[in-house]
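Following the hints, put chain E in place on chain Z, whose structure we already have.
Protein chains: 2
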Amino acid sequence: MRKDRADKILAGLDADEILICDPESIRYLTGKLFHPGERFLGLLLGKDKEPVLFLNALFEAGDIGVRVHKFTDTDDVAEMLKKEINPDHVLAVDKIMQARFLLPLMERGAAKGFVNESLAVDKTRAVKDDEEIALMRKSSEINDLAMAEFTKLIHEGVTEEEVAAQTLAIYQSFGAEAFSFTPIVAFGDNAADPHHMPDDTVLQDGDIVLFDVGCKYHGYCSDMTRTFFWKKAPDAEAERVYNLVRTANEEAEKICRPGARLCDIDKKARDIITEGGYGEDFTHRLGHFIGTEDHEYGDVSSGFDWECVPGNIFSIEPGIYHRGIAGVRIEDLVLITEDGCEVLNHYPKDIQILK
Amino acid sequence: MRKDRADKILAGLDADEILICDPESIRYLTGKLFHPGERFLGLLLGKDKEPVLFLNALFEAGDIGVRVHKFTDTDDVAEMLKKEINPDHVLAVDKIMQARFLLPLMERGAAKGFVNESLAVDKTRAVKDDEEIALMRKSSEINDLAMAEFTKLIHEGVTEEEVAAQTLAIYQSFGAEAFSFTPIVAFGDNAADPHHMPDDTVLQDGDIVLFDVGCKYHGYCSDMTRTFFWKKAPDAEAERVYNLVRTANEEAEKICRPGARLCDIDKKARDIITEGGYGEDFTHRLGHFIGTEDHEYGDVSSGFDWECVPGNIFSIEPGIYHRGIAGVRIEDLVLITEDGCEVLNHYPKDIQILK
Chain Z
685 MRKDRADKIL AGLDADEILI CDPESIRYLT GKLFHPGERF LGLLLGKDKE PVLFLNALFE
745 AGDIGVRVHK FTDTDDVAEM LKKEINPDHV LAVDKIMQAR FLLPLMERGA AKGFVNESLA
805 VDKTRAVKDD EEIALMRKSS EINDLAMAEF TKLIHEGVTE EEVAAQTLAI YQSFGAEAFS
865 FTPIVAFGDN AADPHHMPDD TVLQDGDIVL FDVGCKYHGY CSDMTRTFFW KKAPDAEAER
925 VYNLVRTANE EAEKICRPGA RLCDIDKKAR DIITEGGYGE DFTHRLGHFI GTEDHEYGDV
985 SSGFDWECVP GNIFSIEPGI YHRGIAGVRI EDLVLITEDG CEVLNHYPKD IQILK
Chain E
685 MRKDRADKIL AGLDADEILI CDPESIRYLT GKLFHPGERF LGLLLGKDKE PVLFLNALFE
745 AGDIGVRVHK FTDTDDVAEM LKKEINPDHV LAVDKIMQAR FLLPLMERGA AKGFVNESLA
805 VDKTRAVKDD EEIALMRKSS EINDLAMAEF TKLIHEGVTE EEVAAQTLAI YQSFGAEAFS
865 FTPIVAFGDN AADPHHMPDD TVLQDGDIVL FDVGCKYHGY CSDMTRTFFW KKAPDAEAER
925 VYNLVRTANE EAEKICRPGA RLCDIDKKAR DIITEGGYGE DFTHRLGHFI GTEDHEYGDV
985 SSGFDWECVP GNIFSIEPGI YHRGIAGVRI EDLVLITEDG CEVLNHYPKD IQILK
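Read top to bottom, the protein sequences are chains Z and E.
Just so we're aligned, residue 685 is where the first sequence starts under the working numbering, counting upward by one.
Just so we're aligned, residue 685 is where the second sequence starts under the working numbering, counting upward by one.
The shape of chain Z in the complex, shown without the other chains:
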């Protein structure tokens, strides 16, 4: 049990106790990742209360330094939880707690009220400590190396799926254990769909080739996007689109520092793209926080006025998606430092024509 991390969460909590269900948050606190699937998993933390982990008997807790309450598939989970929850207090839950577990607790009146206080956990997880920063740096270093290898997979007649299928082995050859998310490999107009999944599209001369990829290193994620051109240089308008996205990415990164508001960083990139005439084709937030999950709480978007603090790590990923002209996204991870930021990705952003 990482008492320092638990104390930070409790200090930020309005309620007196919180039932944390997110396996990644439980790993953050215990050092161990459980995969409960459809089974219940929960860690009850309270002020002046001994923490307790509720764990199905199928899983082995190991030596995690917290009391473990085991149960089996035929036990009544709500009854079990009710015995440990203080009925006179409001119970905080985390955002991912599922209706199948939450509604029975409510029906039994297990607490005086129920509130979503994920923010107390999320805000703690959003500030990485030195141990986490070292792993995030290494994960992105692997991503840079892997991107160079991925470009070598591009050849006449290849499909997106065939390229994507070879990426995991490359990550593993550099010491990563897994993807941080299913890789996006998009050719041609497919790059104009920001969430395109690799399919049997065959590479055509003049295609855009977009890689949005990341790996996990000791559980910590990387996430980077680069957009290339196959065989032919982009036409004038596609080149303008590329440079708009690149400028938006670089100018936004320049203002990342302690005290900068996330919404202002988003605005910096969005204004550049809007002034270039493509504002309507930049359809998503500028970035997201990242750690042991590819998407952690915290957006670089107009709706988020948090001020950056040292230890924040998030993506800066402007894009323009316009079928028939171009689909371009350029993404790095940035770490907020004491006096500015460190861009964790170093793969070049110049226009690169693959051959």
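There's no promise every hint is true.
Same chains, same label: a pair holds when it works inside one copy or across any pair of copies.
Only pairs whose alpha carbons sit at most 35 Å apart, straight line, appear in this in silico DSBU-like list of lysine-lysine [unchecked claim]:
no.: 1; residue 1: Lys-766; residue 2: Lys-951
no.: 2; residue 1: Lys-1033; residue 2: Lys-754
no.: 3; residue 1: Lys-779; residue 2: Lys-692
no.: 4; residue 1: Lys-779; residue 2: Lys-807
no.: 5; residue 1: Lys-951; residue 2: Lys-754
no.: 6; residue 1: Lys-951; residue 2: Lys-767
no.: 7; residue 1: Lys-766; residue 2: Lys-836
no.: 8; residue 1: Lys-779; residue 2: Lys-687
no.: 9; residue 1: Lys-716; residue 2: Lys-915
no.: 10; residue 1: Lys-938; residue 2: Lys-754
Worth flagging that the hints you see were computed from the coordinates, not collected in a lab.
Just chain E, lined up with the frame of chain Z:
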């Protein structure tokens, strides 16, 4: 929109409308799988009501034959939902609806009450139609072929991780698109942990080698376990354990037919293992339902008294986990037919010594 499937769900619903959030259930109804990540995704179905899909603007719905209500990252999801939900009715939700979306609906009084009626969806999905059965059969056929290839990856000095890393390419060579779950490869005593994740354990002479593996074919899952021995035949007690598990598996499969209760199928296998003296080492349910997800609703366990009906597909996977003696699990998928069952896996179960 698969109206036949939606009508079955509505017929089994106590409430007047249901908000379905499970992406796999939404795929079951619309034919399209969305990966919403932390964003809201929901399909509102009601008696005498036009269905509506709530989809973030980041995703393209395509031609799915249902009204799509788009929203952006800065929209208020609860306000949007409230406008479409009938405030005078009880709203059914599904089991995976998350606290971050459910609690705000409750706070705003969007419905007269909230109940988890996942069962109406789950019971419909638990009866596979002919189209689904054909895909499930093919997925398990690939799993049988792949298991034969996996045994060839076992050699002196190899680690579990090295073996596991090669399995995806083998599945894909047979036409599968992905794993149905992270493969379990366990050597020696690691096989006595039913949820062991492949690590850097090096194969030793005399080790048990357990594969619990499955793939996805057109979205449909397979799942099979076989337990092998490396170089040396098992000692007498390990052989007895193996044969107990095999007998439990085969005898349970023999009684799978329409009208059989799931708890009785579990009992059949459990009694055999208990009479053999290892009841306490069989620590999980006998099986689980499966379809587009590896674990779907429906357990073959003492707590489940459903009667089997044609079209049900579930696993039969007894195991004995006893460190120092043996960790053995043998698993097949079975399909309930009109007059019995069809075992979807055909990989042999005789004791096999790999060399």
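* Identify every previously stated hint that the structure contradicts and give their numbers, smallest first. => 7
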